[in-house]
Amino acid sequence: MFVAGKYDVIVIGAGHAGIEAGLAAARLGCKTLLTTLSLENLAMMPCNPSIGGSAKGHLVREVDALGGQMGIVADQTCIQFRTLNTGKGFAVQALRAQADKKIYQAAMKKVCENTDNLDLKQLLIENILVERNKIVGVTAETGETFLASAVILASGTYLSGRIIIGESIFDGGPNGQRAAVKLSTALKNLGVKLMRFKTGTPARVDARTLDFSKMEIQRGDSGMQNFSFLTETPANNQVCCYLTYTNERTHEILRRNLHRAPMANGIIEGVGPRYCPSIESKIIRFPDKERHQLFLEPEGLNTQEFYVQGMSTSMPADVQIEFLHTIPGLENAKIMRHGYAIEYDCLDPLQLKPTLEFKSIAGFFSAGQSNGSSGYEEAAAQGLIAGINAAALVKNFPPLILKRSESYIGVLIDDLVTKGTAEPYRMMTSRAEYRLLLRQDNADIRLTPYAIDIGLASVERAEKFNRKLAEISAANKILTETKITPSAEVNARLAAAGIAEIKNSLPLAELMRRPNVTYEKLRDIFSLPEISAAAASQVEISFFYEGYIKKQAELAAKLDRLENKIIPENINYHAIQNLRVEAREKLSEIRPRSIGQAARISGVSPADISVLVVYLETFS
Amino acid sequence: MKTEDTISAISTALGTAGVGIIRLSGENSIAIAEKIFDRPLLTAPDRKIIFGHIKNSAGEIVDEVLVLIMRAPKSYTRENVVEIQCHGGTEVLREILSLTFQAGARPAERGEFTKRAFLNGRLDLTQAQAVLDVIQAKTSTALSVAQNQLAGKTSKKIRAIRTEILGVLAHIEALIDFPEDDLDDAITADLDAKISAQIDAVKIFLANQRSGKILREGLETAIIGKPNVGKSSLLNFLAETDRAIVTDIPGTTRDSIEEFVSIRGVPLKIIDTAGIRSSDNPVEKIGIERAKNCASRAELILALFDGSREISAEDLEILRLIDGRSAIILLTKADLPRVIDTAQFENFTAISVKTGAGVEDFLDAIAEKVGSVNAEMNFVRDEREADLLRRAVENLEEARVTLAKNIGIDFVAIDLRAALELLSELTGESVTEDVINEIFSKFCIGK
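Here the protein sequences come in this chain order: A and B.
In terms of the numbering used here, the first sequence has 518 at position 518, counting the first letter as 1, and numbering is strictly consecutive.
In terms of the numbering used here, the second sequence has 414 at position 414, counting the first letter as 1, and numbering is strictly consecutive.
There may be inaccurate statements among the hints.
To be verified - Using 25 angstroms as the maximum straight-line C-alpha spacing, the simulated SDA-like pairs for lysine to any residue come out as follows: (1) A:Lys550 <-> B:Lys442; (2) A:Lys551 <-> B:Thr349; (3) B:Lys405 <-> A:Tyr434; (4) B:Lys442 <-> A:Glu248; (5) A:Lys558 <-> B:Asp5.
Unchecked claim - Quick look at which bits of chain A chain B covers, simulated, 3 or more residues with Cβ under 8 angstroms: (6) 83-90; (7) 425-436.
Calculated from the structure, these hints are not laboratory results.
Since this is a predicted model, take the numbers as computed values, not measurements.
The beta-carbon is built from N, C-alpha and C at its ideal position, and this holds for glycine as well.
Chain A extracted, bound-state conformation (with noise of 0.2 angstroms):
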């Protein structure tokens, strides 16, 4: 065996998951080393090109606070940039960006390369070393080992990945990447079991054969719009997307080649996310529906590639061509490169404990679509913590756990871990019981104070966040001690502002409940302090939407005494006679770290419950 080097932590994969890993990892002091099968292919975007969007912007925006890498290098490199979901609730408001997936890619480079404690080395690795339960390290193709205390597995889709473009299958990863096949031997052999997912991305066009003119054009919005809470300039747009519909014409062509499906046909095995359908399975699944539409996305500043949102394929390519050319501005279309499906091996996510790291082997960790998740936002998160924890693990403090009714990170690894995956797993404002508090707004708010503690916050980051919290905290008290009557003076002030006029004396607080007041216009009237238009806004939500706030922060109090009702590691459910024997299997096989969890359970009743908080208060 030839040791070529010996780490805290060694990070397998080098996408969206394993970078925020092992730059975490390093951050944290820990000896790390990145691996990636290319070097050229670091933060590789293969589907599209694009970042953010309803919870998954949310996504961003927690990683941000918590320290990590995707929301700055995205701020500084996307070309486009939208908030979504403006007037349906403040709380499920996203940003949503277009980026430039080469530029995105080597500032996400560049950033590793800079990286103290941090190598970054190609390499595929074939083995993963456990002795007695534990991590040691893991074997290249090269025959080199590398020595670690901690292991994350970050290996995306490329797990014995297989590419299906019709009748042409063969193996690889995305984008015309290798594949790892022996690395999922390896898992298997550990015991570790695995599914078998499937996924698929669009063809990309050539933007000099397309009619702009025939489309929709679609716009970037203006003013301050970023991922981090660093970043201090507008959003930077450069580039426009368009919008055009599919007809009977494309749908026909499609169903004349139903049988050339691959997923339709049998040839893929794999389980397909249901939010992602290729267009193939939207026409057998909706056939009343008249038109679908696509967006058609740069996938560059510096390429003619744009990325056909929503045509999803992985039919024939001269299918994908004839269909292609049916559609509006896309008559004359030249395909670049193929829509594929993917099909690849990942891991049940219920051998994982929310600390993400595997319950049978000590210090082995795994995060992102290697987990049964999907999208770059969910593989970051997971990246970040998995980095989090195993460097918690090297460094001997406690792991950061998030809670569900603090972060769209806790409900996503909570439910991979407590619930499993049945699809690739996407995240979702619907999955979130507590969402009005999880809120893009105040991300830093909640999580921040943890990358403090831990470590992970640049100076920068902590003072910009201090700074805030005292503006805020300032505010309230002004907003909350100043006292107004009813004067002709104030009343007059008021209405200049467009405010209604008072009847009785009253706190500025109570304004600040009125639609459309906001701090700003109170402060001309009453020379209050001026503040951040970021502290600002966290004031007027905590007044405008107090009762509904508090609400459900009562809601979610209450939901938080069940996660921290721990339960003991070594507990045998066998043992509780009064368990149902369905509840004993799963307890058994999900070993939940608290009760709120296993209570999240599927086949755990609230009756098992209840016998499980009497056994622990009584016999352990």
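The hints should help you fit chain B onto chain A, whose structure is shown.
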């Protein structure tokens, strides 16, 4: 287990006991009891009987009660416990229970008082083992009872309501989670109409709550009248006809003081039959007292007057007793010449159980008084279910208010989700997964 929830339940067996007890346990139990009581309790001494009245939200007196406060940890559950001793009629008990819910308590789960006692260290290990068995057994039984109940027509209807609300919620959630997809907008007026329709549907259940209770437990009916007026004969007549069906109330034993008869499908629970039988003894002197006591607990009164005799002072007292109550006046012994002056009575039925004269009119009169009650109706099983439905309605009403405020559909989703959680407690389904499944089955998602 430290918990902020205060629980409340009727802790005496349902039936015609003279006294009923409602027990509250939890940190806020004293404050909650104080809200519905007409005397201060928070400052009241421990373990002393306090006399007063329970009042409803309109300030009307519901019952005269005795309240006993046992502050933590000196109580069965080692939490603050309040016991409200009231009159034994089921109606009164249910109303007070329902007031405790409105004041902030939640319905106790089956066996929850004992569970809390146990969790707070009140029971020893041997007892604990027994409790573990009980919790599991009780909840399973409760579950199977609930499943039986829900297997019927009621269940279908509640599921249908739930499905409708799920549909509205899934639409909103789809718009939020997939803002760039080509989905129909949520039109405020449409959403409002859909939510209103479901509020109405749930309200039917609540309106039928009384009917359901009557069907399950019988309408508490008193037969009153002076001695020898024919109460016993009427009871025997009703009981002997084949209409008599006897049903057991779960958890209670029928004793000799009540009898079930079914009139045109409406079960009547005749109370104090023991008293009826003994009062027909001519030497009995306490007829009026007994009648008063009996009538005070009844939901329906059958007041008997001897048609073959002059009206007496006792009769007049009975007339006063039924003033303003749901009562049917029967002139008995119609087979004998009528002597009584009928000008006293606004409405009456002359009846002879000997000849059968007037019996059909009497049965009609009962059916008319009780209103239509039939097994095809949608109704809930108990106060706990009614409470879940009431809270679901509250959340749906709030959804409409939120909708009108126009501050974003996300807020509407919150109220709808809360309503859905409550309905799902009745049907035993999960919410989050169902919403997500609904989104994907109804909407073509995938930008």
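Decide if the proposed pair is consistent with the structure: Lys405 of chain B and Tyr434 of chain A, CA atoms, cutoff 25 angstroms inclusive. holds, 21 angstroms
Count the residues of the region 425-436 of chain A with a beta-carbon closer than 8 angstroms to any beta-carbon of chain B: does the count reach three? Since three or more residues must qualify, the claim that chain B covers the region 425-436 of chain A holds, with 7 doing so at under 8 angstroms.
Given the hint that Lys551 of chain A pairs with Thr349 of chain B, does the C-alpha gap stay at or below 25 angstroms? violated, 58 angstroms
For the region 83-90 of chain A, does the count of residues with a C-beta closer than 8 angstroms to a C-beta of chain B reach 3? holds (count 6)
Given the hint that Lys442 of chain B pairs with Glu248 of chain A, does the C-alpha gap stay at or below 25 angstroms? holds, 21 angstroms
For the pair supplied as a hint, Lys558 of chain A and Asp5 of chain B, is the alpha-carbon distance within the 25 angstroms limit? With Cα atoms ~9 angstroms apart, Lys558 of chain A and Asp5 of chain B stay inside 25 angstroms; holds.
Pair hint outcome, Lys550 of chain A versus Lys442 of chain B [Cα-Cα no greater than 25 angstroms]: Distance ~33 angstroms between Lys550 of chain A and Lys442 of chain B Cα, so the pair is violated.
Violated hints, listed in ascending order, are 1 and 2; each of the other numbered hints is respected by the structure.
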